[in-house]
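Participant: Here's the letter readout for the chains.
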Amino acid sequence: MCLAIPGKVLTSEVHNGIRIGRVQFGGITRETCLDFVPEAAVGDYVIVHVGFAISRVDREEAERSYRVLESMGLLQGELESELESSPPER
Amino acid sequence: MKYLDEYRDEKIARQIVAELARRATRPWVLMEICGGQTHTLVRYGIDEMLPAGIEMIHGPGCPVCVTSLETIDKAIEIASRPGVTLISYGDMLRVPGSHTDLFHVKANGGDVRIVYSPSEALKFARANHSRQVVFFAVGFETTAPANAMAVWQACREGLTNFSMLASHVLVPPAIRALLSSPRNRVQGFVGPGHVCTVMGYREYEELIRDFHIPIVVGGFEPLDLLEAILMLVVQLEEGRAEVENQYVRSVTCEGNLLAQRVLAEVFEVCDRKWRGIGGIPESGLRLREGYADFDADRIFGTEGVTAEEPAECISAEVLQGLKKPTDCSAFGTRCTPENPLGAPMVSSEGACAAYYRYRRHDVALTQIR
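Residue numbers (my numbering), protein chains in the order written: chain A, 1 to 90; chain B, 1 to 369.
Mixed in with the good hints, there may be bad ones.
Derived SDA-like pairs: lysine to any residue, alpha-carbon spacing no greater than 20 angstroms straight-line [unchecked claim]:
hint, chain 1, residue 1, chain 2, residue 2
1, B, K11, A, V68
2, A, K8, B, E6
3, B, K2, A, A41
4, B, K2, A, G43
Far from chain B by the CB rule (all over 12 angstroms, computed), these chain A residues [to be verified]:
hint, residue
5, T11
6, S12
7, D35
8, A41
9, V42
The hints are simulated quantities; they were obtained by calculation from the structure and are not laboratory data.
Predicted model, so just to flag it, every value in this text is computed and none were measured.
We treat Cβ as the ideally placed atom computed from N, Cα and C, and that holds for glycine.
Pulled out of the complex, with its shape left as it was, chain A reads as follows:
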């Protein structure tokens, strides 16, 4: 129920005082209420739950935290190649 997924804001218009945008998720787009995320502009990614964007994805935080994760993966890769290239210890 608390499933919410990131999508890209394609359009933004105001209807009856409500800000509505078309948001793209992979191959499909959905009409989404953008009233809770006034900071989100066309081109931004938002997290959408039951037709309402509940946050704008913080690009900088996402990149910073992902680099931490990625560095763990890189470390593992280096470790593996090191193990492969060095003769096994007896």
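Starting from the known structure of chain A, arrange chain B on it as the hints suggest.
Facilitator: Here is chain B on its own, set in the frame of chain A:
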């Protein structure tokens, strides 16, 4: 898809597991609160990848599963009346009530419809003035602002044929109830990332003061969950108990203030009965007095409906993390998603349904052996 695929990298996942194995010097019991997180854990087999001794137990964060039997009965009663269109999120249709479910009401001619968003229910009410349109509003803090917005709009437009059967539940009081139980085994929580996207995580600090237990707000992809688990284990090994935020790309300390404002305008905190768990003080949201004209419970006079939960399934223990779905003798045989005995077998976020979808063949093999 951006912000999804990169959080499913297997190589990084294995490295986090290796780091967990290095950090953990003793067994730890952790709980993910949210049913969406349970689904990811079981789907990707994350709980089985973890180093021995780190046990994940599954929390009660599935609104479909914890909506009380009497609320289901109320929805069934309202949906059975002539002139009523009951609109709901899809999973609620198969949840067993005391005698039947909404799916059977629909099959017998009741007008029961499924929507993806409460905005669609509102649209239907605008276009069908001859129908009394009732939206069955369940969900945690994540869903409450969207549902509140529908009522707020209906009020603003002066719609007289739209109402809501509201049965929202709140996460922090449920954590408090779990931790207060003498049977509690949980030593750290993966916090619900989307609930905290809306509410922030200030209110979790009170739980930490009272129970000295770490909480890491986590996302929903495999790497999110593994990183949150690692952050919990590091805290536990260092003897710390703090709120930390793993899901920084969506969650801030204050949460979404606009969503909170709409939620507080329309709903107020109330005591709530949870299916399988019982009453928890101040653990729900109901419509405020100012929105009484939109309260289906009052309009249809169902306030007095009560129901006793049958004892045929172990969902109470599953929802409190005391038993695994596979501990149930009815699992996958007398209880399946097509014919559920209990609510956790209905929703894809229910622990039983997740185990049925991804683990039932393992169980079958064990039984054959």
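Participant: Compare the structure with each hint and give your call.
Facilitator: Hint check results:
no. : hint          : verdict
1   : B/K11 / A/V68 : holds, 14 angstroms
2   : A/K8 / B/E6   : holds, 16 angstroms
3   : B/K2 / A/A41  : holds, 17 angstroms
4   : B/K2 / A/G43  : holds, 13 angstroms
5   : T11           : holds, 16 angstroms
6   : S12           : holds, 16 angstroms
7   : D35           : violated, 7 angstroms
8   : A41           : holds, 16 angstroms
9   : V42           : holds, 15 angstroms
Going down the numbered hints, you'll see the structure goes against just number 7.
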